[in-house]
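Q: Heads up: the protein sequence lines correspond to chains A and B, in order. When you line the first sequence up against the working numbering, it's residues 1 to 441, in that order. When you line the second sequence up against the working numbering, it's residues 442 to 747, in that order.
Quick caveat, the hints were computed from the structure, so don't treat them as lab data. Backbone N, C-alpha and C define an ideal beta-carbon position, used for all residues, glycine too. Watch out, some of these pointers could steer you wrong.
[Unchecked claim] Derived DEER-like restraints, expressed as beta-carbon distance ranges:
#	chain 1	residue 1	chain 2	residue 2	range
1	B	E493	A	G159	49 to 57 angstroms
2	B	T546	A	S68	32 to 40 angstroms
3	B	N508	A	G81	39 to 47 angstroms
4	B	I602	A	L117	56 to 64 angstroms
5	A	A63	B	L461	52 to 60 angstroms
Below, each chain spelled out in residue letters.
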Amino acid sequence: MTRKNILILILVLALFATSLWVLLPLESERFGREGIRLGLDLKGGIHMVYEADLSSIEPGKEAEAIDSAIAIIKKRVDILGVTEPVIQKQGENRILVELPGVSEAEKAKNLIGETALLEFRERIINEDGEEEWIPTTATIDGEEKVLNSSYFRENTRVGHDPYAGIVLFFEWNEEGSKLSEEITRRLLHKPLGIFLSGEHLLGADGQPIAPIVEAVITTSGIITGLTESEAIELSKLLNAGIIPIPLNPIYEQTISPILGANFIDLSARAGVIGIILVMLFMIIYYRLPGLLASLALIFYGCLVLALFKLIPVTLTLAGLGGFILSVGLAVDANVLIFERMKEEFRTGRTLGAAVEAGFERAWTAIRDSNITTFIACIILYWLGSAIVQSAPVTSFAATLFIGVAVSMFTAIVVTRTFLRLFVGTPLAPKISLFSIYSGRK
Amino acid sequence: MFDIVGKRFRFFLISGAVILISIISLLSFGLKMGIEFSSGSMITLRFEQEVEQADLKQELASLGYGNVIIQRTGEGNYIIRTERLTSEDRLKLEAALEAKFGKLTEAEFYSVSPMIAEETTRNAGIAVLAAAIGILFYVTWAFHRMPKPFHYGTCAIIALIHDVLVAVGVFSIISAILNWEVNLMFITGTLAVIGYSVNNTVVVFDRIRENLTLNVSTDFEIVVNNSLVETLGRSINTSLTTLFVVLALLLFVGVTIQNFAIVLIIGIIAGTFSSLFIAPTLLVVWERGEWGRFIGRRPLPEAKGE
Chain A
1 MTRKNILILI LVLALFATSL WVLLPLESER FGREGIRLGL DLKGGIHMVY
51 EADLSSIEPG KEAEAIDSAI AIIKKRVDIL GVTEPVIQKQ GENRILVELP
101 GVSEAEKAKN LIGETALLEF RERIINEDGE EEWIPTTATI DGEEKVLNSS
151 YFRENTRVGH DPYAGIVLFF EWNEEGSKLS EEITRRLLHK PLGIFLSGEH
201 LLGADGQPIA PIVEAVITTS GIITGLTESE AIELSKLLNA GIIPIPLNPI
251 YEQTISPILG ANFIDLSARA GVIGIILVML FMIIYYRLPG LLASLALIFY
301 GCLVLALFKL IPVTLTLAGL GGFILSVGLA VDANVLIFER MKEEFRTGRT
351 LGAAVEAGFE RAWTAIRDSN ITTFIACIIL YWLGSAIVQS APVTSFAATL
401 FIGVAVSMFT AIVVTRTFLR LFVGTPLAPK ISLFSIYSGR K
Chain B
442 MFDIVGKRFR FFLISGAVIL ISIISLLSFG LKMGIEFSSG SMITLRFEQE
492 VEQADLKQEL ASLGYGNVII QRTGEGNYII RTERLTSEDR LKLEAALEAK
542 FGKLTEAEFY SVSPMIAEET TRNAGIAVLA AAIGILFYVT WAFHRMPKPF
592 HYGTCAIIAL IHDVLVAVGV FSIISAILNW EVNLMFITGT LAVIGYSVNN
642 TVVVFDRIRE NLTLNVSTDF EIVVNNSLVE TLGRSINTSL TTLFVVLALL
692 LFVGVTIQNF AIVLIIGIIA GTFSSLFIAP TLLVVWERGE WGRFIGRRPL
742 PEAKGE
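Chain B with its partners taken away, still in its complex shape (with noise of 0.2 angstroms):
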């Protein structure tokens, strides 16, 4: 039998290192806002001749926009994000690129003000947070008839922070390489992994549930450790399973759904491993009031033993 549980302080020393990296990637790299929070013009050109990318970018310098983004997708179409077009401005930019590289259609075109970038900013803050505050209540409900609701609630919201922490991290790194800007997709992902972090954390506390009325032992630890192991295999398969698709989705249908597509492979593998490694290991920490042992080294105090 594995001993998942003993190992604790090692799988928090990992989580650490990763949330430590994503926090430093967070604060120096930022998140750069998309058009959607930020305002802006986004325009997606389909043209009938091939045209080299930094052949667009330089026409477009020349034009005045030095500071575009541009994005090639899959199909060889172009998006190019700007400042706010007036629509003058966009059929002059779209003229005159028409004029230098042939014919070309406007695929799409989108356009938001700084009202409703605001707007829908402020939305997305609220909804994440309202996510998580319902989710902390919905946990600490589902484990009510245990001694001590509040513990398995609090674990879980650990758990759904680090998913969050990583997955935003980790794309943030992503995304500095890549020049990609966040979107509503973006935000729809992250609700995703937080729904999904906390899926899993719940398959893992049902089972300690479980095992806990069956008194399978009287030391906690022992119980959590046998949960987990019970759990192992589905954890795994689920995971593997969500990635599958979640892989299909950004192989095929590419840019539009990158963000998204992303956030959730990152949130899922995170997920994974708070669920199995974090969650419930400090449930143990948290039984045994081990809390003093993270920063001061305290001795280890005798376990309590129910």
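For reference, chain A alone in the conformation it holds in the complex (with noise of 0.2 angstroms):
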């Protein structure tokens, strides 16, 4: 009896120190998993779902152009250097993107959404005698189409002149050389301004780029006067392709980093109180077995912190939570456990006993009471899979799940090795250690 206890609580010390390894530090490769996965909402990031819209698209072929959206969603973000992009595609025409940690929100949301065609056009002066840039056209085999960079190769680069500086080059693909040999003839010696997704294109001077056309342009081309971080952005930015359908952000939701950072801060110390009040209750009013129990809710703790680390468990405020919600919910097997005992005791039995009927007896209570729980944590889980809001829903759902389901495991096992050690000692007979009135009754 006595050898098993021990042979049990040594386990049980190996669990908690192998739980702390994975742990800590917070931040540490441990099975393949690098720090604890945090949600958005706690690490920063932008979390959007576009619409396609795909009335311009031949039946038949809309998931075609949703993939190529996505393949060119994803070239875009390969520009952001972002960690861990989520790209996808939901349902039949939605797009959803996530990027955690990303700070520049703003710049992350133009370069997703643009459809970033570059445009050339020509100035003309119009009825009300404004001068007014508009899309140059020329007519190839009958038809008129206007110059823009979906003629390009995808292999724009950037590179340095001697006598332009940063040049980014360009070259056309067989039909675009025939439409700008077709209009640089036209428009010989006169500006042609460039345009990015309707706006006039800046250098690096703050001026709108329309360079005067010197030459007929037929093969390739340079743009001069970018600085060169944007020529480079904007290289890649063409290299990566043009959106063939619109998309409209029908949910975005972006948090800066700090916030995030504020809120593990907040929660982490929520956690903390609640755990040391949970605590103090537990040794005040069950003395030793509450002290014990509260030894269990620190070995608790660090094998769920662990374990979110290992599944991974995605954490987000909501989640966190639900961590701390199981700490209340993680003393209630003891309690069951405690109160049966002291009843038992009352009966006549000697401690020894009365411990193992207390955790005998106290069982169905906790496994059926549980399993309540455990049915609302899967129909939450099923609800946050089924909206675009999932994170704090699923979140929350697996933390709860995971906290009950350790805080049984630790409650029978772990509580109850360190009570029948006890039983064994010179201490047990001090029954006040146990808040038991035995006269009672």
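Two chains, two separate frames, one set of hints: put the complex together.
A: Spelled out as structure tokens, the structure:
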């Protein structure tokens, strides 16, 4: 009996040590998991859902258009250098984009949503006598076509030119060459305005870029006047391609990393204070068993957090709430057992027998009552995965589920082992330590 | 020994009154739907200089945002809830506020379209229903060896509806006074209340189950009353430890989690009450066929005695 208990104690302590090792330091890599995975609300970042407007796409080719849009968004996100981005198709016509840790939200959103079409425009005098830039066109094979970057080969690059400084090289494809030849011949010695997604492209000097056409351009050309970083970004954007369909944001959430860090701080404080209050209550009310339950609670916290890291569970603010709530519930199993123990002791059993009977008899209540929490968690998780704002709901469900499951283990195995070991010590006869008033009833 | 079951109609009266108030509040104040359910935008702004809420409200009104809800967070940030903003509108609004109040940073921006809001509302409704049905089945199953398992399941569900009604109803009073909106945290909290409510009820029922098989007494009323008194300590202690941690959450994390915490606090109190004074006493009422006494005040029929 005692030997078996000591064996279990050793196993429990080994498990405790393992979970501490897994957990600490928090950002360490263990079993291929780097740190605890944090949701966007704690880490900061962008969560967007776009709805693709497929009205211009031929029936039957919708999926293809969405896939190509996703491929292009992936390339563009690479420009931002985000770690672990998520870009996924959702349902028929939605695209989910999650960029954790992005601080320049505005820039990132522009980069994703932009059609990234570079247009060439010519200057005309309109009916009101004002200057106006209109898309420049030429007629190829009897069809009027606009000159833009959709005719670029996806191999633009940036270089230094001894005379012009930073230059962006581009090559026309076959059709583009014909168009360009027609247009530059017509606009020779006239300015050609360059527009990006409808806005006049500005140079390093802040002036709109509108070079004078010096020669007929057929196969390739250069754009000058940009700063180096702008030119590199533009080049990557052009090489990523043009998103074939308009994308409308239907859901967006951007959170600054500072706000998230603050929430981690606050919930850590709430967690620590909550645990201390629970421990104090348990020790004052149940004395020695309460103290043992408090030790088991510390073990519980480490084991649960270690599991969060290993599984991994994405922690959001709601998830932290679920974890903290589970601390309150975790002692429930202990409370059930201790109350039971007291009763058994009052009916005349020895302390050892009361401990055993307490665990034995409380088990069905612990099992049946926790199953209802599991059902609620499973349904919450299912709700979470069915909605766009899934992260907080699924995270709460997962943390509460794991928390309650582990709490059954710590109460049944850990607290029981502690108590059994104590029953054999000289402390055991001091009934006052167990806060049982044996005279009652 | 306390006689709880004997005072059952007093407890029904208390619960009835609270539920009545809850329903009246829900019907008259209702619940204001947050952007997750009704679409719209929310911006959290952090000002470098101290900004008074009244000044901010006035400036927003002069910019044409008279209908917005402004909330100040614990750290002195402001959460502004508006109609759905386009990207340009938002940048314009922030620029205007920056011109008036000095440098600011956008800590959070959140925008939901009507389509998404509708989906979320529908799914949340389905989830709450599914949870209730799943739990009814579970409780019925858990007590399937008892005579009349359906009684236990139904009484657990009545207690559950009681708890959810009270939690949501009292929340509606608080939110009407403080101008809060209902968000996903509220739904999460409500589902947690559902789990918690039945959890408590099952512990009491489990004891009734055990005492019935032990044949402590032939009188069902006495068995139920004993079981209640025996589980009283556990129910109160577990509720206290859970309340401690939820209060800590409410006090430290604040605005972002307040919906969740408040619903849960009310739910825990209601759940403890109903698991002790409503669910088991209803079992007795059912067993003794006293339903008629609720309304008609029929003379008490003879106790059946198994």
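Q: It remains to establish, for every hint, whether it holds in the given structure.
A: Hints and how they fare:
Checked against the hint of 49 to 57 angstroms, the C-beta distance between E493/B and G159/A comes to roughly 55 angstroms, which is consistent with it. Between T546/B and S68/A the beta carbons are some 36 angstroms apart, a value that agrees with the proposed interval 32 to 40 angstroms. Checking the proposed 39 to 47 angstroms range against N508/B and G81/A shows it holds: the Cβ atoms sit about 40 angstroms from each other. In this structure, I602/B and L117/A meet the distance hint of 56 to 64 angstroms, their C-beta atoms being roughly 57 angstroms apart.
Distance hint check: the CB atoms of A63/A and L461/B are about 55 angstroms apart, consistent with the given range 52 to 60 angstroms.
Consistency with the previously given hints is maintained throughout, with no hint failing.
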